[in-house]
Amino acid sequence: MTTETLLWLIPLPPVLAFFLIVIFTNRNRALSHTIGVGAAALSWLGSMIVFARALGVHELGKTPFQSTFNWFPTGAAWFKVGVLIDPLGAAVLFFVAITIFMIFLYSVGYHNYGQPAGDHDRKGLPPHGATVTDEHGHAHVVPSIEPMYSRFFAFLGLFAFGMYVLVLSDNLLTLFVGWEIMGLCSYLLIGFWYGKPSARDAAVKAFMTTRVGDVFMLLGIAYLYSATGTLSFREIFNNAGFMQALATTATPILGLSAAGLIGLLLFIGTIGKSAQWPLHIWLPDAMEGPTPVSAMIHAATMVSAGVYMVIRMFPLLSLDPRTMTVVAFIGTFTAIFAATIAVAQNDIKRVLAYSTISQLGFMIAALGIGAYVAAAFHLITHAFFKALLFLGSGSVIHGMEHGVLHVQGEHAGSPQHAGSPQHAGSPQPPQQHIDPQDMFNMGGLRKKMPITFWTFLIGGFALSGFPLVTAGFWSKDEILADAWGHGHLAVFITLAVAAFMTAFYTMRQITLTFLGEPRTKEAEHAQETPWTMTVPLMVLAFFAVTYGWVGIPDHFPGLGGLVPNWFHDFVGHTLAHVPEAPAFSWVPLLTSLGVALGGLFFGWLYYRNVKSAKEDVFQIGVLKNKWYFDEAYNFLFIKPAYWFSETFVYKWMDQWLIDGILHSFGKATQGLGAAIRKYIDVIVVNGFGDLVGYGTKDVGQGLRPMQTGRVQQYMLAALLTVIVVGAILTFFLAA
Amino acid sequence: MIPLSWYLILSAALFSIGMFGVLARKNAIAILLGIELMLNAVNINLVSFWRYNDPSRIDGQVFTVIVFAVAAAEVAVGLALIISVYRRRNTVVADEIDLMKW
Amino acid sequence: MTVLQLIFLLTAAVILGSAAMVVTAKNLVHAALWLIVTLFGAAVLFAILNAGFIAVIQVVVYIGAIAILFIFAVMLTRREMLDRGPQLNRGWPLSAVIAVIVFGGLVWLLQGWDGLTKTAPALGSGFDSLEALSKALVSPDAYVLPFEVASVLLLAALVGAVYIAFQPKGEEK
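Protein chains in written order, with my numbering: chain A, 1 to 735; chain B, 1001 to 1102; chain C, 2001 to 2173.
Among the clues, some could well be false.
Claimed, not checked - Think about it this way: if two alpha-carbon atoms lie no more than 27 Å apart in a straight line, the pair counts; the simulated DSSO-like pairs of lysine-lysine are:
#1 A:K639 <-> A:K651
#2 A:K639 <-> A:K196
#3 A:K611 <-> A:K624
#4 A:K624 <-> A:K678
#5 B:K1101 <-> A:K697
#6 B:K1026 <-> C:K2026
Honestly, the hints are just simulated from the structure, not real lab data.
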């Protein structure tokens, strides 16, 4: 089978899984998850084969695997669908395939396959737990299976399809198709538990916010198409004429060149999709979805898609320095902005959400300053360790929920509540229901959930940039080195501070969750999760450690040169001009080491003694409330939009104006009809008709007395008539 | 000699008097008397025209004879009617015989 | 003024005077008698006009039959022996006016006719219209048909009059 054929086949298993599950196997849980996981496995297999072949091609950048066909015509030209594997695509395909596969496998355990159905579970709400009675007659509450189990795998399959389409596409149109499919799936999956109002709102918020970005992106695509007549990456970038024209055509907007404007518009799509400031607001709320969704969307696939698109379009963006400056600024600002908020968050998933935003800022900043390879490198390593962290947090939450159910069961069966037997086993204990996601309710979980602990630790260290043995160190260091090496001092310092804060809040998270002693009863009764959840953790942890070693810079002291910088050579060849690795300098290396180790140390030092949120000095209001951006947007955009639609359009224009006009037509017609009836119909028409009748009668009545019955009077009348007529005839008419 | 106009004016006058009688008399028989006067006026007219236009043509006299016959018939029937009405209504005043009214 | 004219004027006066009496007499029998006078006058006129046969017919038929008939009818319909009250109905002035207008109209019409002043043509001696009249009345290419029809008319009138005025036995008058 040729590689091109294989490329076309790779996205198919997940979408087939979607249709099969939706149409046929929705009720059969085992069959659905088999189809789902099997599809992910098939696509992973295909991706690995393609990757292996891609490695074997010399100069893949110049002769990539490519195949296109015409999709639909527009006038004389055609819009095309196509697949492409160049070095960048191959590298990205690698991590996308494995993370998707791991997340599918993880979902089996996360949604409690094998557990009984819950007591009060309903579709649309998260499962509450089921009461089982063991052989001693003792009632336990155990986690129950998700009621919408099969649907989850169907949506996940559609999502995977969207991501594969995006990664494999060879033109902006196919990429946009995949982009939008993922947008839809993020809505479906964030709002998976549609019974929760917060989940519904979060789904709408995510969709709307990314939509704002997508509109501008579409404008950019349209502009690019109208300027060059094609959307294919290779056709644009390899055509020196196009690039020259785009770089030199001036546009009336902010003095940007065409390339700059297109790049900026496309970048705005990424701001939405990758949750950069100012469109970052949807990502933390998206934590309402189940954890595999968070991992999928916010680590492995969707947000990475935004960065991937910018990396793809890098040759275009780099033509205009102003656009690059905007990109760098947004990235850098987002990085530090999100990091400040993450320090004050208590929900285990929220910390990771803001951390994702921050790390994406790192990548965007790297692209803004021209560090093409560093950004791609960080994208891939981040996908691994962030997916690991999210899945790990899911595992932690699962363990905590186990504890919660255990405590509930104890309370329900305890003697104090013997008087209310009907509440035995119900998921609503009379006591306060603790949040299993709040880190301040955890603690000491390293003993209860060891596998989760060690993998989470690896992930956390990778995120912080622990030196040498974590992939995060190598990629983050390369970004800092690039910033320093090309003289972007402001970016360098800001990113360094953000890295420090990253390490700090990561260690905070690890300390509060795993170290120390359990702070609540629920934490005491936490349990390790099944193999379907811990195996993906271990696989991802492996990559989080080792992937960094394929990108060791050549000039690194000691280790450089031992292993060639395969990543730089491979991915760098995607571009027409391979970018140079920055020259080695001690400053970024030492800075990187310093902020990583320093952040980790201080995080551990401070938080090992903090017992509750009240003692935490970093619980600053402004940070906890995300710098009040949601409130600001609500005031600036949401309320005006509601006012516009509810009052202006609905009440004034639609009801008052349009309905008013229509009603006035009705009333006018009615009035006209009534008037016609009253004045014309009744008076004239009826009157005339009646007049004919009555008139005849009255005339008849009037003439009646003429007939007296007296012959002589008749004769008189006749004679008179004769005389009169004769007179008239004689005198007036006879000429 | 006598001009034709004398006869004609005479008959016109007789006719008018007869008409007055018809229109103005109360008794039904008196009305019939008036009718007789009118018929006689007609006869005078006819005969004078015969005499003055062309006496050799006898048509005028024939017409007069016919008028005689008709007048007789009419008087007979009219008086029979009046007698019959008198028997029923006990009146011969024309104004009182007014059943055929509104 | 010739004798003939004098006779004519006299006769005309008699006719018109008696006619006036016919229409104004209170007593009906008197009115009928005055009618007889008028009819006599008309007969004289016919005689002046050389229509002897017509004059005789006038006397015999009109006076002898019709006038008598009138008197009979008057007798048969009297409520009382004397007629009381006005014999003219209420609208008699209008009737008079109409009669005058009619007369005036007739005279005016006659005026426009130029044959008004012609005189009678002379007749040959021994002129007798009787034979011609009788021939005309029975001759098929003359007036036999109207003659016969007039006979039938008289028959019908006869039968009709009898029927109308018939009084079955026992019915009160």
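Hints versus structure:
At most 27 Å may separate the alpha-carbon atoms for a hinted pair to count; K639 (chain A) and K651 (chain A) meet this at roughly 16 Å. Proposed proximity of K639 (chain A) and K196 (chain A) is supported: the alpha carbons are some 23 Å apart, at most 27 Å. For the hint pairing K611 (chain A) with K624 (chain A), the CA-to-CA distance comes to about 18 Å; that is within 27 Å, so the pair holds. Proposed proximity of K624 (chain A) and K678 (chain A) is contradicted: the alpha carbons are some 73 Å apart, above 27 Å.
About 17 Å separates the Cα atoms of K1101 (chain B) and K697 (chain A), which keeps this hinted pair within 27 Å; it holds. With a C-alpha separation of about 10 Å, the suggested pairing of K1026 (chain B) with K2026 (chain C) holds against the 27 Å cut-off.
Checked against the numbered hints above, the structure breaks only hint 4 and satisfies the rest.
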